[in-house]
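Sequential numbering from 1 applies to the sequence shown in the UniProt record's numbering.
Source of the hints: derived by calculation from the structure; they are not laboratory data. Computed from a predicted model, the values in this text were never measured in an experiment. Mixed in with the good hints, there may be bad ones.
Claimed, not checked - Computed spacing ranges between beta-carbons, pair by pair:
1) Leu10 x Ala64: 21 to 29 angstroms
2) Phe92 x Ala70: 15 to 23 angstroms
3) Gly43 x Asn2: 22 to 30 angstroms
4) Lys29 x Pro63: 17 to 25 angstroms
5) Pro63 x Gly26: 44 to 52 angstroms
6) Glu71 x Phe95: 32 to 40 angstroms
7) Phe82 x Phe14: 15 to 23 angstroms
8) Lys100 x Ala64: 16 to 24 angstroms
9) Met49 x Lys29: 24 to 32 angstroms
The beta carbon of each residue, even a glycine, is placed where N, CA and C say it ideally should be.
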Amino acid sequence: MNKSLPIAYLLWLFTGVFGGHRWYLGRMKTAMIYVSCCVINLGIFVYMMSSVPFGQEFEDISPALDMHLAELATYIGFIFLFQGLFLLVDLFWVFFAVKKNRKKTFSTQQQVEAFD
């Protein structure tokens, strides 16, 4: 089945952090990496938010908790950096993946027509 370049880029734009464009283009393993990164980031973020007592000023937070939150924020930053770099690469990769898919589909159609 032919894949549409505009649809692939729209998926990259709106669902890129979840790997929507990779699911669409049939790259399941790397799409799962995108989803895993999102789940890990979400888990760390929820844990960070649950660690800060509500109603307390940031100045009142203990230094140990402050260091712990800074460490978790660093992990989130690295995962976002990793995902951001892959999304930047995918900006160009999508074009070639769709082009390759079209060539592969066209080749298969030629083979079917040859046997008719």
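So, going through the hints one by one against the coordinates:
| no. | hint | verdict |
| --- | --- | --- |
| 1 | Leu10 x Ala64: 21 to 29 angstroms | violated (45 angstroms) |
| 2 | Phe92 x Ala70: 15 to 23 angstroms | violated (34 angstroms) |
| 3 | Gly43 x Asn2: 22 to 30 angstroms | violated (37 angstroms) |
| 4 | Lys29 x Pro63: 17 to 25 angstroms | violated (42 angstroms) |
| 5 | Pro63 x Gly26: 44 to 52 angstroms | holds (49 angstroms) |
| 6 | Glu71 x Phe95: 32 to 40 angstroms | holds (38 angstroms) |
| 7 | Phe82 x Phe14: 15 to 23 angstroms | holds (20 angstroms) |
| 8 | Lys100 x Ala64: 16 to 24 angstroms | violated (52 angstroms) |
| 9 | Met49 x Lys29: 24 to 32 angstroms | holds (31 angstroms) |
Consistency note: the structure conflicts with the earlier hints numbered 1, 2, 3, 4, 8.
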